[in-house]
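By my numbering, the letter at position 280 of the sequence shown is numbered 557, and the numbering carries on one by one without gaps.
Don't take every hint at face value.
Said to hold, decoys possible - Straight-line alpha carbon distances no greater than 30 Å define the calculated DSSO-like cross-link-like pairs of lysine-lysine that follow:
| id | residue 1 | residue 2 |
| --- | --- | --- |
| 1 | 541 | 406 |
| 2 | 473 | 559 |
| 3 | 541 | 292 |
| 4 | 529 | 473 |
| 5 | 406 | 478 |
| 6 | 473 | 391 |
| 7 | 541 | 478 |
| 8 | 406 | 473 |
| 9 | 406 | 391 |
| 10 | 473 | 541 |
| 11 | 292 | 529 |
| 12 | 559 | 541 |
| 13 | 478 | 391 |
| 14 | 294 | 559 |
| 15 | 529 | 541 |
| 16 | 294 | 391 |
| 17 | 406 | 292 |
| 18 | 391 | 541 |
| 19 | 292 | 478 |
| 20 | 312 | 294 |
To be verified - Listed next, with one range per pair, are the computed distances between beta-carbon atoms:
| id | residue 1 | residue 2 | range |
| --- | --- | --- | --- |
| 21 | 492 | 465 | 41 to 49 Å |
| 22 | 440 | 405 | 36 to 44 Å |
| 23 | 380 | 469 | 33 to 41 Å |
| 24 | 426 | 529 | 35 to 43 Å |
| 25 | 376 | 556 | 26 to 34 Å |
| 26 | 500 | 427 | 53 to 61 Å |
| 27 | 346 | 427 | 17 to 25 Å |
Hints in this document: simulated from the structure, not taken from any laboratory. Glycine included, each C-beta is placed from N, C-alpha and C at the ideal position.
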Amino acid sequence: MLLKKNIPIKYIFGKIKYEILFVAIYGFAIEIIYKNFNITEISIPMTVPTVLGTIISLLLAFRSNQAYDRWWEARQIWGAVVNDSRTLARQVMFLIDDPYNPDQIDGFKNRIIKRQIAWCYALAHGLRKEDPMPAIERYVSAEESESLQDYDNKHVGLIQLHARDYNNALKQGWVNPYQQIEMDATLTRLVDSMGKCERIKNTVFPSTYSLYIHLALHFFILLLPFGLVELFGFLMVPVLIVITGCFFLIEKMAIHLQDPFENKPTDTPMLTISRNIERDLKQMMRDKQMPVMVQQPDHFYVL
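Please model the entire structure based on the sequences and the hints provided.
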């Protein structure tokens, strides 16, 4: 994803360089024909391309809004993933307890929290149609890694392992039923976020809508030089490039934003978010043994 505040001009115009080259050649051709052969009949009133341009502007605005809504929803979903991952780690650290088996409990907690880190990476790579196993093998045991081979979507398998451990914690008496319900509710929210991401990923933006806008835009570009040639003369070509460049950039922006999980510079930074989750959860694991300070009238005592 583009994280810089100042986007390079080279990157912007690199996306439409072939379209601009076509428009420049086409504009020069119209200019040469108009000047050298004195064919004034080819000019048309500016009203025609103006009306067509207005219609295309409305269509592009609608498409851009819809594409941005998809991108923003994806970012909101991953914001919820961050919050629920932290909630899961907090619940695991402070709700699961057994004073008679502290070492076993600590290993149990660490396994779940590391698995949650793996889940974030698995979801990110899965949405990009990449194999997540190289990224998550260091967070899960060999047994769990082998069990994930039965799942096409590894993030679904990891959620199942979470649920299995929660159920086991209830049977062992490490949590009471009310605590188990709260922990399971966090898993439900994670599953909900997972489903929302998959809905965005698998719902393709209507191809006919894109095709019609694209054809209308090219028809507008074909007509525009005939309306500009008498008004601007030799300056018609740079004016044509500026106007059409704006339309092409808006169209490209909508195309890139409509698919926020395609590993493009404009997509949702899922791996960056996953690394931030990993950092936070590891810090929470390190701080779980901090002493509790109880204030008395004149002194502090460490429990």
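Subject >> Numbers of unmet hints, in rising order >> reply: 14, 16, 22, 27
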